[in-house]
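Using the sequences and the accompanying hints, generate a full structural model.
2 protein chains.
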Amino acid sequence: MTEPTLYPESGFLRLRIDLAYDGTNFSGWGKQPDRRTVQEEVEKALTTATQSKIETIVAGRTDAGVHAIGQVIHVDVPDTLNLDDLSYKLNRMLDTDVRVMKVAVVNGPFNARFSALRRHYTYKILDGNQTISPLNRLDVASWYRVLDVDLMNQASALMLGSHDFAAYCKFREGSTTVRNLQRFEWSRDSAGFLIGDVVADSFCYSMVRNLVGAVVCVADGRFGPEWIEQTLANKVRISDSLVFPACGLTLRQVDYPTDDQLLEQAKVMIGKRDNGSH
Amino acid sequence: MTEPTLYPESGFLRLRIDLAYDGTNFSGWGKQPDRRTVQEEVEKALTTATQSKIETIVAGRTDAGVHAIGQVIHVDVPDTLNLDDLSYKLNRMLDTDVRVMKVAVVNGPFNARFSALRRHYTYKILDGNQTISPLNRLDVASWYRVLDVDLMNQASALMLGSHDFAAYCKFREGSTTVRNLQRFEWSRDSAGFLIGDVVADSFCYSMVRNLVGAVVCVADGRFGPEWIEQTLANKVRISDSLVFPACGLTLRQVDYPTDDQLLEQAKVMIGKRDNGSH
Numbered sequence: 036m037t038e039p040t041l042y043p044e045s046g047f048l049r050l051r052i053d054l055a056y057d058g059t060n061f062s063g064w065g066k067q068p069d070r071r072t073v074q075e076e077v078e079k080a081l082t083t084a085t086q087s088k089i090e091t092i093v094a095g096r097t098d099a100g101v102h103a104i105g106q107v108i109h110v111d112v113p114d115t116l117n118l119d120d121l122s123y124k125l126n127r128m129l130d131t132d133v134r135v136m137k138v139a140v141v142n143g144p145f146n147a148r149f150s151a152l153r154r155h156y157t158y159k160i161l162d163g164n165q166t167i168s169p170l171n172r173l174d175v176a177s178w179y180r181v182l183d184v185d186l187m188n189q190a191s192a193l194m195l196g197s198h199d200f201a202a203y204c205k206f207r208e209g210s211t212t213v214r215n216l217q218r219f220e221w222s223r224d225s226a227g228f229l230i231g232d233v234v235a236d237s238f239c240y241s242m243v244r245n246l247v248g249a250v251v252c253v254a255d256g257r258f259g260p261e262w263i264e265q266t267l268a269n270k271v272r273i274s275d276s277l278v279f280p281a282c283g284l285t286l287r288q289v290d291y292p293t294d295d296q297l298l299e300q301a302k303v304m305i306g307k308r309d310n311g312s313h
Numbered sequence: 036m037t038e039p040t041l042y043p044e045s046g047f048l049r050l051r052i053d054l055a056y057d058g059t060n061f062s063g064w065g066k067q068p069d070r071r072t073v074q075e076e077v078e079k080a081l082t083t084a085t086q087s088k089i090e091t092i093v094a095g096r097t098d099a100g101v102h103a104i105g106q107v108i109h110v111d112v113p114d115t116l117n118l119d120d121l122s123y124k125l126n127r128m129l130d131t132d133v134r135v136m137k138v139a140v141v142n143g144p145f146n147a148r149f150s151a152l153r154r155h156y157t158y159k160i161l162d163g164n165q166t167i168s169p170l171n172r173l174d175v176a177s178w179y180r181v182l183d184v185d186l187m188n189q190a191s192a193l194m195l196g197s198h199d200f201a202a203y204c205k206f207r208e209g210s211t212t213v214r215n216l217q218r219f220e221w222s223r224d225s226a227g228f229l230i231g232d233v234v235a236d237s238f239c240y241s242m243v244r245n246l247v248g249a250v251v252c253v254a255d256g257r258f259g260p261e262w263i264e265q266t267l268a269n270k271v272r273i274s275d276s277l278v279f280p281a282c283g284l285t286l287r288q289v290d291y292p293t294d295d296q297l298l299e300q301a302k303v304m305i306g307k308r309d310n311g312s313h
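Protein chains in written order, with our numbering: chain Z, 36 to 313; chain U, 36 to 313.
Incorrect hints may appear among the rest.
No copy is singled out in the list; a pair is fine if it fits within one copy or between any two copies.
Heads up, simulated DSSO-like pairs for lysine-lysine below, C-alpha to C-alpha not over 27 Å straight-line [as the list claims (entries may be wrong)]: (1) K159 / K137; (2) K124 / K159; (3) K137 / K79; (4) K205 / K66; (5) K137 / K124.
Hints were generated in silico from the structure; no laboratory data involved.
Shown next, in the form of structure tokens:
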């Protein structure tokens, strides 16, 4: 990976683009040969619209089948580009399962991935072996037993804070699995769906789906709550059979610092880089 | 059409089946050659599951692209059939855009179409030229101007009651266009969608989408409210360009009499039939 930039090169503008997508028919965000990915579709549309080769930097690299309603990317486009109807043009080119929700010019320092403070995900479950009504089928996972919201919340609370989440992540060479889980709460909405609200500074590969699987294990009475803490401490990867499906997961929101805080963050990052090269 | 029956033939059980479907990829309910229709898919699954030729009678013959969360059909199946896991078996065979929500044996007189007292539809609009988020895209129509809920309600109220809705229906040989519109109200939900609640004894072909188009015309200021009443009185078909798209329309609920009322209704129907044959 190239070094993260906070400003575009001279002659370019940096755009923040907010995206939403139904991940059902995508092999995730990140480009892969011979697969339909959100990144490739969006970069293709941007390249056509701007008539220059565009590369995206994304806040949350969602896995295959995972959805987004508040994904954020940045791109650098030639500063001669007419931005008036860019969003409209892009949506005309894109399939209806991915939409540009907003395009904004960034003036200060900003990097969609490295400036992000935290990511918010939603996990949606229909429990008790209920049939999912087709109009609701895109973003829900089903579970055969009835799940108790209080038990789910008790188990989830045990994971809060900064931990090495190695037991709850697919291993990837050279990347840390230490994360700060800031919120992990469940509630039942008016339509009877169980809604999980999961917030962390960032997430490892398949981490939310692992966390949900572990919590459901406890809510189902398969393991006691102490199993959550032991697994976290032992850092031994839980069984793949406990991982919940991608279809229930949606990237809801990415938080960024205010403009002033972004300027402070930029000074620190540039300071670190200077130190590193000495 | 054969005469409506209220009871199955001897050796058969009558089942009431509640269905939900995403109409996007269906050419409507009713069977048509070389088209994918809900009726054909459901009858195929029922015929396989029961190993006998099954024909369905439906409460609301939805048009191409129209959805349902509370569609009701009845079918007569051999009384030797094991009903225990019929709903599960059917859903295993059906594609995920149509689901059997409930199967129940009917003991008294019942006909999904002729016993129905009224049909409830929902029409969902995202106005003000907003982009529809892909996870919400299945059952929403978009409109470029902002629509005023109060104006929509004022215009809708003018259509309430029993009228000849010829101006608001596609003409079909040999069928009446007199209907009793019992409710036509708009509200804005917490997510900002404009929700139309439309209830009548029954609806003519494309009637809800015509009514919505007419009301939006008035809310947009294109015609005054008096135009609604004039059109209703003149019975001159409104322009097809005013008809709203099928994708925003969902059959939400079908109301039936109580068991006692069904028995009374049956006596009247059978009485009428006897008179007719004299």
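- Message: So, against the hints stated earlier in the document, which numbers end up violated here?
- Response: none
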